[in-house]
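The chain contents come next:
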Amino acid sequence: MRVITIFIAILSGFAVLGGYFLGGFFPVLKDIQAQILNAAITLMGVAALTGIFNLISVHTEKIRQGKKGGVYSALLIISLVLTFLLGIILRPEHIAMIAVMNSVIIPVEGALMGILTISLLYAAIRLLRRRVDVLSLSFLITTIIVLFTLSLPFGDPPLLGDIARWWSQIFALGGIRGILIGVALGSLTTGLRVLFGADRPYGGR
Amino acid sequence: MTVIELSILAGSAFLLGIIALWKRKSPAQLRHLPALACLSHLLGLSVEDGTRLHVSLGNGSLLNPHGASALAGLAMLRHITERTSVSDKPPLASTGDPLFGILAQDTLQAGYQAVAANELYSHTTGRITGLSPFGYAAGAMNISQDEDVSGTILIGHFGSEAALLADSSERANIAMIGASDNLVGQAVLFANSQDVLIGEDLFSAGAYLGAGVSHLASLTLQDILRWLIILVLLGGAAAKFIGII
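These protein sequence lines map, in sequence, to chains A and B. Per this note's numbering, residue 86 is the first one in the first sequence, and the count goes up by one each step. Per this note's numbering, residue 5 is the first one in the second sequence, and the count goes up by one each step.
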């Protein structure tokens, strides 16, 4: 069974790559790639359903065991089942479903954004207490300089504005590109490991 | 362009194979990364304390490039599961992507099977806590506070919502290690956590935790490719300077 899953995974990976690189020469590879990607999207939908069942099972267990926050778990399950049933019966375009979206989900996410602002401010204050080194100091000083010189309502101050712009466009941009190149290389090697079956996050042991 | 991409891919694959064969014979020399040293400490602590570790894989999808960071997280999860399987409390994994949720469950189960403790595996240890970034963070925040967790490891695709997870760990007095492939996420984690993995360090966790020769070979390949890119950039700048291009 394990060999079959590895074989299917590697074959699918090569088929998708084949469609990407050689699809122009062999149109059949492009078709195979499209079929595999469509199947992956369908599987993702099914996986979302299993994810919902997983969520229900985790919170049901929490209620059953009388763990802390069981009331919230009950609320979550009731809301989830209600929204799910309403969505199936009324369809997602129905005014009631749009109202649920606009009056519950968007305000809650907005509130979380608000909390995030406070969390970030608090983190900036804590940073110097937690880690006093060159990296932290330069992180904080750069942030302050860039924030306070490039976001002023009356325009950039003459010299400081130029320094801040130069700093953010030369040093910061260079750093960003360096980090992104590193991440891209890491992604490439991780992808290759999975493609050749050296890393197998599927199929059990 | 496709020819260049194909050449890079084929060349990298070939080099990875060669380096993996070479690494079997030569011992690895890795630089010190405080975050990964802290992780080894956390692993030992969780087993001794009878507490659990929470591995948060972020909300990267398998169908986009952000999936690579979560795949690196899965490799780490596998290792953590094997190392902490003897603990009273198994590690928990949370993700914001359904496919990674299934893979996390599979990885956790594989970890238990590898140490012949399959009966200890519970499918509720791999969780999908929400499908949007903030929904995911809101769900994962509770894990740190309610599940007897002694360490949170964020490894995957995180944006600014990582601050909420870091804040909840801080409130519960839980050690946290953070790594994200997203620039915003990295900045947020740098400000919020004691130990953070910047840039490609995220992908080196497997090599440091002894996940296998292929992880060590990946690191060497990354170094080779990085030097090649540096040479190409410098060569391009020099060519531009003297007016060749």
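Rather than coming from a laboratory, the hints here were simulated on the basis of the structure. Just to be clear, a hint being listed does not mean it is correct.
What the hints assert, rightly or not - Reference listing, derived: stretches of chain A covered by chain B, where coverage requires no fewer than 3 residues with Cβ under 8 Å from a Cβ of chain B:
no., segment
1, 117 to 130
2, 169 to 181
3, 202 to 209
4, 247 to 257
All C-beta atoms, glycine included, are put in the ideal place defined by N, C-alpha and C.
Hints and how they fare:
Check result for the segment 117 to 130 of chain A against chain B: holds, 5 residues qualifying (beta carbon to beta carbon below 8 Å, three or more required). A stretch counts as covered by a chain when three or more of its residues have a beta carbon under 8 Å from one of that chain; for the segment 169 to 181 of chain A and chain B the count is 0, and the coverage is violated. For the segment 202 to 209 of chain A, the proposed coverage by chain B is satisfied: 5 residues have a C-beta within less than 8 Å of a C-beta in that chain, meeting the threshold of three. A stretch counts as covered by a chain when three or more of its residues have a beta carbon under 8 Å from one of that chain; for the segment 247 to 257 of chain A and chain B the count is 0, and the coverage is violated.
The structure fails to meet hints 2 and 4 from the earlier list, while all remaining hints are met.
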